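Just need the whole structure built from these sequences, with the hints factored in.
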Amino acid sequence: MKISKEEVEKVAVLARLALTEGEKETFSSEMSSILDYFDKLKEVDTEKVAPTSHASAGRNVMRGDEVRPSLSKEECLMNAPDANKGCLRVPKIIG
Amino acid sequence: MDLYRLKIHELQEMLQRGEVRSREVTESVFRRIDDVEGKVGAFITLMETEGLECAELADRRIEGGKQDGLTGIPLAIKDNMCMKGKRTTCGSRILESYKPPYDGTVIKSLEGHLSVPVGKTNMDEFAMGSSTETSYFGITRNPWDLGRIAGGSSGGSASAVAADECIGALGSDTGGSIRQPAAYCGVVGLKPTYGRVSRFGLVAFASSLDQIGPLTKDVRDCAILLTAISGHDRLDSTSVDIAVEDYVNSLDRDISGLRIGIPKEYFAGGIDPDVEKYVWDAVKELERLGAAYKEVSLSHSEYAIAAYYIIAPAEASSNLARYDGVKYGYRASSPEGLLDMYAKTRSEGFGREVKRRIMLGTYALSAGYYDAYYKKASQVRTLIARDFDEAFKVCDLLLTPTVPAPAFKIGEKTGDPLQMYFTDIFTVPANLVGIPGISVPCGFSKDGLPIGLQLLGRHFDEATLLQAAYAFEQHTDYHLRRPSLDAGRGK
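Taken in sequence, the protein lines are chains A and B. Residue 20 in our numbering sits at position 20 of the first sequence, and the numbers go up by one each step. Residue 1127 in our numbering sits at position 127 of the second sequence, and the numbers go up by one each step.
Hint data in this document are derived by calculation from the structure and do not stem from the laboratory. In this text, all values refer to a predicted model and were calculated from it rather than measured experimentally.
Facing chain A, from chain B, some residues (calculated, C-beta under 8 Å):
#1 Ser1237
#2 Arg1331
#3 Pro1335
#4 Gly1337
#5 Tyr1342
#6 Lys1375
#7 Gln1379
Here a beta-carbon is modelled for each residue, glycine too, at the ideal position from N, C-alpha and C.
Structure, rendered in structure tokens:
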């Protein structure tokens, strides 16, 4: 399946990636050949086969709603690229 | 005596008997690192000061008569496991200066033993790669031939063990990232059953496949390290509450009567002749030791790579959405608004292979393609699991080569992602199915490169894997050979 440059651009928007022109070209050809290879799966009859999303037996794990110690605000913010007055700071969103 | 050359179990005894101090062992390891790290490039961050401090504490504990398993033993940790206050990069620019505010569960376990941290090892960026060539921090070389790759993504841990830059190491395995570099570097590497070891504090790549495990100089060390990190953890709800067996004391159980399955699809062609020869020699050796072997069929094997390279990038694209330049990690400078900040940050912070997989994963999950790719791959995953279930009805273990050929040359496969992906052909099924697998040295190619034998077992049956691997190792000497780094064959 041929992935056009336009499709690459669409996926890049979904993935929040800003690709260079060169990367768009490369990804267009690489993704095309990789997806061609994935087409191999079409040979397999999967009618009535349930999908597996996890390697361990699916069961929900519950716990009591108890207050436990957690990271302090300082610890949570110590790796932030931009923090101020106990908050994360980002570029202006509302005009 | 060169203490850095010793194994965990040898040092345990010497430490217990007071013949050596952890401080001496630790110093010996760091002098070894001074000598060879420039050639190998196994580490991203070295921790000599912390290591020596910890060794002193360990020596005091041992003097007090409390050597428990790993006390005082210098270990290296793959740089995707969070260690409180210590830089944890995942081989990526986006986490170049990230210092976790907490310890991962395996790190806590090791700290409880007072093992000695040597440093954080190099890896493919976010564990995405099969050669440790995609790290932002440079390439790790194979100690057996410096012109060749160490494998990946735990290439730093494997080469650090092979080059005696640590006594043992932890890696992580999502599609072969422990077993494959272990095979290429001539060391032992084990991927535990999914859920055996807590993933809390392991930076996520593909959450349904990731598992932490040991890389060591022999099988006994592997059992020791596995015992130390295994067990249920309430901080990882996918870890399983099944009792941890005594992997060390059950090692020398007799393997006669053990039924070994040889999956015929794995030997259908495309295997290097040296690899094929030594793997069959191993089969014969195990037969001589009383095991019986028979051919089995895993008929969906040829679809494993395609299924894996849809599922893993799909999970990765979702997991890596958290790197947005807001909460931690790299942020691009002077963005035009929030969306531009996300896109610029991610584009500057991630390398080529990570971007490729995010793109593939996003595509496979996107509206209109989900059924054709992600759902289809998840159904094929079910069929692959059924193949293994059937095989384990008639045998106790499966035996295969770990990789189709010995280590390739640096740069040989970087231009062709699919060729790189194919090196994982024998290792990805264990992750898709969740079963444990071990790679042990079983020979050397004509060029003197290590060859690995893979054993796969039933869910939570690490004990049988280790017993068979140990029996094989006791009757061969491949694990005793060490690379001669002084020869400097590579460039």
